[in-house]
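Protein chains in written order, with the working numbering: chain Y, 275 to 648; chain S, -6 to 470.
These are calculated hints, taken from the structure and not from any lab test. You may find that some hints are simply not true.
[Claimed, not checked] Which residues of chain Y face chain S? A partial, calculated answer using Cβ under 10 Å: (1) Gly361; (2) Asp392; (3) Gly411; (4) Val417; (5) Gly434; (6) Pro474; (7) Lys502; (8) Gly631.
[To be verified] SDA-like mimics (lysine to any residue), calculated; alpha carbons at most 20 Å apart, straight line: (9) Y:Lys510 x S:Gly130; (10) S:Lys62 x Y:Glu368; (11) Y:Lys408 x S:Glu438; (12) S:Lys112 x Y:Asn446; (13) S:Lys245 x Y:Asn446; (14) Y:Lys316 x Y:Glu348; (15) S:Lys160 x Y:Leu444; (16) S:Lys405 x S:Arg356; (17) S:Lys219 x S:Phe132; (18) S:Lys245 x Y:Val447; (19) S:Lys112 x S:Gln55; (20) Y:Lys502 x S:Glu221; (21) S:Lys355 x S:Asn429; (22) S:Lys405 x Y:Gly396; (23) Y:Lys536 x Y:Glu501; (24) Y:Lys316 x Y:Ala346; (25) Y:Lys502 x S:Glu438; (26) Y:Lys510 x Y:Ala449; (27) S:Lys160 x S:Ala134; (28) Y:Lys344 x Y:Glu368; (29) Y:Lys408 x S:Val430; (30) S:Lys298 x S:Asp242; (31) Y:Lys408 x S:Ala442; (32) Y:Lys510 x S:Asp291.
Beta carbons: idealized from backbone N, C-alpha and C, even for Gly.
Spelled out, the chains give:
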Amino acid sequence: MTPQTEAELADIIAGASGPLRIQGGGTRPIGRSEGETLSTTKMRGITLYEPGALTIVAKAGTPVAEIEAKLAKENQRLAFEPMDHRGLLGTKGEPTIGGVVAGNISGPRRISVGACRDFALGVRFVDGSGTIIKNGGRVMKNVTGYDLVKLMCGSYGTLGVLTEVALKVLPNVEATGCVLLHGLNDTQAIAAMSAALGSPFEATGAAHFPKSMHGDPVTMIRIEGFEKSVAYRADKLRDLLKSFGEATIQIGETDDGYGSEKGWAWVRDVSAFADQPGDVWRISAKPSDAAALAARLDADAVQYDWGGGLIWARMPEGVDAREKLTTFDGHATLVRGSADVPAFHPEPAPLAAITQGLRAKFDPRGILNPGLMT
Amino acid sequence: MEMPAPSASVLSRKDRIVDRLRTVLPHDAVISDISETRAYECDALTAYRCPPLCAVLPANTQEVAAVLKICHEMGVPVVPRGSGTSLAGGALPTADSVILGVAKMNQVIETNYDDRYIKVQTGRTNLSVSGAVESNGFFYAPDPSSQLACAIAGNIAMNSGGAHCLKYGVTTNNLMGVTMVTMDGQIVEIGGAHLDAGGLDLLGLICGSEGQLGVVTEATLRILHKPEGARPVLMGYNSAEVAGQVVSDIIKAGILPVAIEYMDEMLIGVCEEFSGAGYPKCEALLIVEVEGSDAEIDEQLSLIKEIAGKHNPVELREAQSADEAARIWAGRKAAFSAIGKISDYMCLDGTIPVSALPHVLKRIGEMSKEFGLDVGNVFHAGDGNMHPLILYDANKPGDLEICEEFGAEILKLCVEVGGCLTGEHGVGIEKRDLMNVQFDPADLEAQMAVKDVFDPAWLLNAAKVFPLETSQSRRAA
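Turn these sequences into a full structure, and let the hints guide you.
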């Protein structure tokens, strides 16, 4: 089913007799849900864009690419840098902005500017009873009533089907630079990234590859801004990180592809695991715990983003990473794989009870992506 | 502002309730004498007062849980209180309520510079969070004007902002985890030292829920290293419209200042008088601040000055020294005190799309004449968060009512142009009855359904946020 309007969508949900599988572009099939497919792709279009107010409003089915193209014309961007899952998951189709918000999809810049949820200003959605609800708005500062925008962001369509989202955007940057450290082990690399992120030089990305695209360990620290400023900060970071070895600095596009936009898209999209076999786990952790956690996984390959706060692990099929991690400060999501475990991290009992309570209110018949997040 | 009638049953059981609370708290942590409960009769919305049944000052999460458990069992309403600096009446008691103050809980639990967070008890003041990490070069970014006094608990409840949130975001963007006690006394942990708590974003839901979903006792907050330096530039224009255009042009040019503050003619005069900041006489004043090394600041400011210069400023002045920078800010930061010295006032907090600025300022000017009350405007222009200050005379019968009516009209205007009722102060009781202007019944029903999950009996700060008639059936249940 592909409704063209919010009203039509509301009618479909109100009249639904069984479970619905909610889908945007269908490029991020994370977790399992059954039911008749309900797609938002025909509700599309940018409804408002005010570059001077740093805001864009679009219907949920609007392709991300359409939004990014529109923003680029005004030299602006989605600063939370949403990951494109198509390579990693082998999916086709057009990622939609509704899918990005529903999954709280962010990229490497999450560590400095925030996640998708931090840029989501407003939503319209249809709940499991077919009621149209709005929350938030189109202005950057808004504390009027409860923040259901954040509740919807990352709820994977289980509380309601998004029909429209308002997002804060940011100016594009003049230059991008990358400070590269070579040959560090995971613990050293995370310490180096922590030093960079804890400095005044505003790193906007910090990733570590125990095995880079060239086979050696490489640690990437990104700086963005005006050209002179990027050069200055890169130098400062190199000095700051001296104890971790001699850093190389790359500004703009380069041959080996680390410092460039392409290099960071490679980090963002976890391209290193794209054509490799096995399950892929995404683990959010306290950065200083990350190296030890990764060691416990006994993974085929790992890579770190967010200064160590995000571990991507490629594991043999069917292995439960949570069992190996045991209890830790964070959570693990099975992004790709067929292991017979829930895709999303089970919650502690008191939180699970709250979550169940919220689901019962927003989707009393349990028809929206049932079982997806539990 | 109407408040629900207190429960006769609760009032009649006061002694028993107080006795039971004393079984779980030290004697001096339960305040029941009417001469002492007066201290809790209002917050910074001082026009409304009501002494509570009693006040309790627990010292840790377990004591908070014990208090809430008793209140839950005995059906007693609870009003959580941080430092009592709410301008919206968020901590206003009802006569049948127990005030739960977190003031005693002000300890730093952990600081971690590698992972860039601090964990504190929520009674700690905003400024002293930064104070705890300052010697290591770090700070906590959200900086509400009341930061010297306001508690993190209240910041979380209201999702407080500040002057620098254009770059650093508001409380919700800097909150990583909480320990919270629900009304039935259960302790829950959400999030922590990692990013993006798993499952539904309950952290985002709790932040800004005005103390209606639970009492947050501990918080993990993101800390950042301070920038190398910061410098403001001051610019004056003889038209609000032009000033608005300058703000928009700066943002469109790809520069993201940490703060863009706007003051109108009245505020410029009052603040200049009060603090001698050296402001020019003009219709609109902008203070734009950027951060970085000296060279980086020079580069950004030269771009900003180039844009500002194109619009015929009355004055365009970059701070030449730390002292001058401090004076430029001193005037702005003193705005509320300066107005307070000349008159009683009500401070509004609506947000509008930046593009609507000239229209809204013009309409406020017209309404000022219609209502016969003066109004000054000071606000965070980068994000459209306005703070119109309406002057009135508290001793003149009827003046407060006219002021409130005027304020309501301004907020309706904010919603009409695509904005909202409150950008950073919260709804509380102040904007409670205007919620229907911004939201349809279904929108409010969805929000109230959330409260049903966390606090089914509607005992926690229940007379706030939602229009009384809208929440009536739930509160009475």
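Structure-based check of each hint:
1. Gly361: violated (22 Å)
2. Asp392: holds (5 Å)
3. Gly411: This hint holds: Gly411 (chain Y) lies near chain S, its Cβ roughly 5 Å from the closest one there, short of 10 Å.
4. Val417: Hint on Val417 (chain Y): holds, closest Cβ of chain S at ~5 Å, below 10 Å.
5. Gly434: holds (9 Å)
6. Pro474: holds (5 Å)
7. Lys502: holds (6 Å)
8. Gly631: The hint holds - Gly631 (chain Y) has a Cβ within 10 Å of chain S, the shortest such distance being about 4 Å.
9. Y:Lys510 x S:Gly130: Holds - the C-alpha atoms of Gly130 (chain S) and Lys510 (chain Y) are around 16 Å apart, at most 20 Å.
10. S:Lys62 x Y:Glu368: Between Lys62 (chain S) and Glu368 (chain Y) the Cα gap is close to 51 Å, so the pair fails against 20 Å, i.e. violated.
11. Y:Lys408 x S:Glu438: holds (11 Å)
12. S:Lys112 x Y:Asn446: This hinted pair is violated, its Cα atoms lying about 34 Å apart.
13. S:Lys245 x Y:Asn446: Status holds; Cα separation ~10 Å.
14. Y:Lys316 x Y:Glu348: With a Cα-Cα distance of about 26 Å, the restraint between Lys316 (chain Y) and Glu348 (chain Y) is violated, given a limit of 20 Å.
15. S:Lys160 x Y:Leu444: OK: Lys160 (chain S) and Leu444 (chain Y) at ~10 Å, within 20 Å.
16. S:Lys405 x S:Arg356: holds (12 Å)
17. S:Lys219 x S:Phe132: holds (6 Å)
18. S:Lys245 x Y:Val447: OK: Lys245 (chain S) and Val447 (chain Y) at ~12 Å, within 20 Å.
19. S:Lys112 x S:Gln55: Status holds; Cα separation ~17 Å.
20. Y:Lys502 x S:Glu221: The hint holds at about 16 Å.
21. S:Lys355 x S:Asn429: Roughly 25 Å between the alpha carbons, so the hint for Lys355 (chain S) and Asn429 (chain S) is violated.
22. S:Lys405 x Y:Gly396: holds (19 Å)
23. Y:Lys536 x Y:Glu501: Since the Cα atoms of Lys536 (chain Y) and Glu501 (chain Y) sit roughly 18 Å apart, the hinted pair holds (cutoff 20 Å).
24. Y:Lys316 x Y:Ala346: Measuring from Cα to Cα gives roughly 24 Å; hence the hint is violated.
25. Y:Lys502 x S:Glu438: violated (52 Å)
26. Y:Lys510 x Y:Ala449: holds (16 Å)
27. S:Lys160 x S:Ala134: Given pair Lys160 (chain S), Ala134 (chain S) holds - Cα atoms ~9 Å apart, limit 20 Å.
28. Y:Lys344 x Y:Glu368: holds (16 Å)
29. Y:Lys408 x S:Val430: holds (13 Å)
30. S:Lys298 x S:Asp242: holds (11 Å)
31. Y:Lys408 x S:Ala442: holds (14 Å)
32. Y:Lys510 x S:Asp291: holds (18 Å)
In this structure, the hints that do not hold are numbers 1, 10, 12, 14, 21, 24, 25, in rising order.
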